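Visitor: Chains A and B, in that order, are what the protein sequence lines are. Per my numbering: the first sequence ends with 166, consecutive numbering throughout. Per my numbering: the second sequence ends with 166, consecutive numbering throughout.
Simulated from the structure, these hints should not be mistaken for laboratory data. Some clues are possibly wrong.
[Stated by the list, open to error] Partial pick of chain A residues on the chain B-facing surface, computed with a CB cut under 8 angstroms:
| # | residue |
| --- | --- |
| 1 | Arg9 |
| 2 | Ala31 |
| 3 | Glu162 |
| 4 | Leu164 |
[Said to hold, decoys possible] Far from chain A, by Cβ distances over 10 angstroms, these chain B residues were calculated:
| # | residue |
| --- | --- |
| 5 | Arg60 |
| 6 | Leu75 |
| 7 | Ser76 |
| 8 | Glu94 |
The structure presented is a predicted model; accordingly, all values stated were derived computationally and were not measured. Think of the CB as a built atom: it goes at the ideal place given N, C-alpha and C, for glycine as much as any other residue.
Protein chains: 2
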Amino acid sequence: MTPASENPRWLTAEQRLAWLDMVRVLTRLPAILDAQLERDAGLSFFEYHVLSMLSETPDRTLRLSRLAQLTSSSLSRLSNVVKRLENRGLLRREPDPDDGRASRAVLTPEGLASVELAASGHVTTVRELVVDALDPAQLDQLRTAHERILERLDPAAATRPEWLES
Amino acid sequence: MTPASENPRWLTAEQRLAWLDMVRVLTRLPAILDAQLERDAGLSFFEYHVLSMLSETPDRTLRLSRLAQLTSSSLSRLSNVVKRLENRGLLRREPDPDDGRASRAVLTPEGLASVELAASGHVTTVRELVVDALDPAQLDQLRTAHERILERLDPAAATRPEWLES
DNA sequence: TGCGTTTGGTTCAAGCGTCAAGTAAATTGG
DNA sequence: CCAATTTACTTGACGCTTGAACCAAACGCA
Chain A
1 MTPASENPRW LTAEQRLAWL DMVRVLTRLP AILDAQLERD AGLSFFEYHV LSMLSETPDR
61 TLRLSRLAQL TSSSLSRLSN VVKRLENRGL LRREPDPDDG RASRAVLTPE GLASVELAAS
121 GHVTTVRELV VDALDPAQLD QLRTAHERIL ERLDPAAATR PEWLES
Chain B
1 MTPASENPRW LTAEQRLAWL DMVRVLTRLP AILDAQLERD AGLSFFEYHV LSMLSETPDR
61 TLRLSRLAQL TSSSLSRLSN VVKRLENRGL LRREPDPDDG RASRAVLTPE GLASVELAAS
121 GHVTTVRELV VDALDPAQLD QLRTAHERIL ERLDPAAATR PEWLES
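Make the full structure from the sequences, and use the hints.
Guide: Printed below as a string of structure tokens:
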């Protein structure tokens, strides 16, 4: 019943190689980032991402639903993670004054310290594995490609932080 | 203790934007591929990947340890997944005649049918989201970038299927 | 040959993610 | 201004992944 059922154009050899390389990156890179952060800072990449988004936002405060968008996670997953991070004192929840249904996550000083501590090792890893593996032109091409892909993955660009001017 | 502890060079604004775009792709794309395959073929992306590697290999047979490399998974994870796929009749395990410790996974005809069925919808999705989002030059640049990155992620190229000539 | 180590694989407990269901507050629309 | 719907979030059950512990076969080498 999918549009594919009639005539699923196969990939050319070129396209197939490109895609398989992408799959390898897609599956290995997150595992490596996770391992490094867990080892050096006791955070999963997802936890780091959550704290990081909070730390970049003007008043270090975000509604959970917005935070879920920014981290591409389900609200359910975020709810659990936020609960754990709250228990560890890295953030706290407070009711949203403007909307009785909503809660806001606020980064605590401990949470800020934790991201900042984690950030340096994380950035080093990102450099080693990605940024420094490419020359500036290649990095720019990679970014262009990702932007084109994101237009398909996320047409509303809802996962893009508003404090980023491109 | 990490080399980063002395002077973690930060990312430039350019590099940071490129990296954040990559993170968004890295987190959203697998989820979308998973959802499509699960919905249309009852397979997770990982299961599809396992079956797919088997289906491409000459005699549709691979040792579990090799299969774990090819899919970048732990042997433990693979062992569980193979058990489930075996229960569903998509593959079977047999002892390796050359090594009493090893087992080999063999794709069954049902398994082959299952991958082939799943493949068309999967390829369509990959086209829609990635391949057709880029022109040939961009796709080639993307592949080059991924190859450079893979040299860092996987210096031995152990996750590269040997039946691929690049 | 024989002892220690490495390799290949399985299993189990613990932790995390997902999906469905549930609550409560806000909004819509008759 | 009330009922139905939608939005924001939480919870619980279930399934999957992880990591440690385990076993057995093979290898290294003296």
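Visitor: Now tell me, hint by hint, if it's right for this structure.
Guide: Results of checking the hints against the structure:
no.: 1; hint: Arg9; verdict: holds (7 angstroms)
no.: 2; hint: Ala31; verdict: holds (7 angstroms)
no.: 3; hint: Glu162; verdict: violated (13 angstroms)
no.: 4; hint: Leu164; verdict: holds (7 angstroms)
no.: 5; hint: Arg60; verdict: holds (18 angstroms)
no.: 6; hint: Leu75; verdict: holds (14 angstroms)
no.: 7; hint: Ser76; verdict: holds (14 angstroms)
no.: 8; hint: Glu94; verdict: holds (27 angstroms)
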